[in-house]
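Okay, here's what each chain looks like letter by letter:
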Amino acid sequence: MASPLQLCVRRTPASGVPAVATQVHVRMPSEVECIEQTVSLVTRHCLAGTVPTDRLRFRLQVALAEALANAVMRGNQEETGKTVLVDADLFPDCIRVQVTDEGAGFDPTQVPDPVLPEQIADTCGRGLFLIRKLVDEVHFNEQGNSICMTLRRR
Amino acid sequence: MAFHQTKDAGGVVVVRVEGQLIVGNRQELKDLIGAALDRGERKFLIDFGRTGYIDSSGLGALVSLSKRVRELGGELRLSGLNEDLRSLFELTKLDTLFAIADTPEQALANF
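As given, the protein sequences belong to chains A and B, one line each in that order.
Counting with my numbering, you get residues 1 to 154 for the letters of the first sequence.
Counting with my numbering, you get residues 155 to 265 for the letters of the second sequence.
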């Protein structure tokens, strides 16, 4: 069966920085079943040609899985026809990954803290919290339907 | 990714998570444990010795399963978490909700 993922990888001089960045673009359908394959594909390309630590690989995998799950389930509501875009810029010292859905967006400041005593035993609501803990920088666009995560290659 | 289920001599259902425990397969684990509960099983060990990563949906599934097992008078334990996986439980403070052993043997020793 053909993969439902569309992948584009190119090396390009990144504007404004001395290093050459590699850009990885993946378009995935809004299907939960595609998340693991997308995480694997993007991680492989983000770490290609380097000797990553197990910790960096793990942080990237979990952060990607969380961002993709949020995009597919909350953003696009698993609607057929809507897609999720992954855009990764790879630099010698860091990886910058942007995940964008076609949803209305949300206000990330309104997400409850899952480690408050009354929240700890909840069965959901830990995704964004984990992303914030595992990556070095997190930014959202104004609409709240695109998250940009930066991980340093240390 | 797959779940391998066995039963030890002491009657503990041992489920080994191979690959990932994530949003795409968490229901399979819940169904597997649910079926065992329906058969009357009450002691469960989930081993992560061969697990790559767990996402928040996987963590949520474990919380949900633990509650259900406890409500039926049973117990669910975890084992085999490497340093990275254990950090997820520590960050989310779920290490305070679960009995976590380093190895399945240690978890089963006094079950």
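Incorrect hints may have been included.
[To be verified] Listed below are the simulated DSSO-like cross-link pairs for lysine-lysine, each with C-alpha atoms no more than 27 Å apart in a straight line: (1) LYS184(B) - LYS221(B); (2) LYS184(B) - LYS197(B); (3) LYS197(B) - LYS133(A); (4) LYS197(B) - LYS247(B); (5) LYS184(B) - LYS247(B); (6) LYS247(B) - LYS133(A).
FYI, nobody ran anything at the bench for these hints, they're computed from the structure.
Here is what the structure says about each hint:
The straight-line distance between the Cα atoms of LYS184(B) and LYS221(B) is roughly 12 Å, inside the 27 Å bound, and the hint therefore holds. Between LYS184(B) and LYS197(B) the CA atoms are separated by roughly 15 Å; this keeps the pair inside 27 Å, and the hint holds. Restraint check: the Cα-Cα separation between LYS197(B) and LYS133(A) comes to about 33 Å, which exceeds 27 Å; the hinted pair is violated. At most 27 Å may separate the alpha-carbon atoms for a hinted pair to count; LYS197(B) and LYS247(B) meet this at roughly 23 Å.
As the CA atoms of LYS184(B) and LYS247(B) are separated by approximately 22 Å, the hinted pair is consistent with the 27 Å bound. Taking the CA atoms of LYS247(B) and LYS133(A), the gap is near 13 Å; set against the 27 Å cutoff, the hint holds.
Comparing the model with each numbered hint stated earlier shows that hint 3 is the single one that does not hold.
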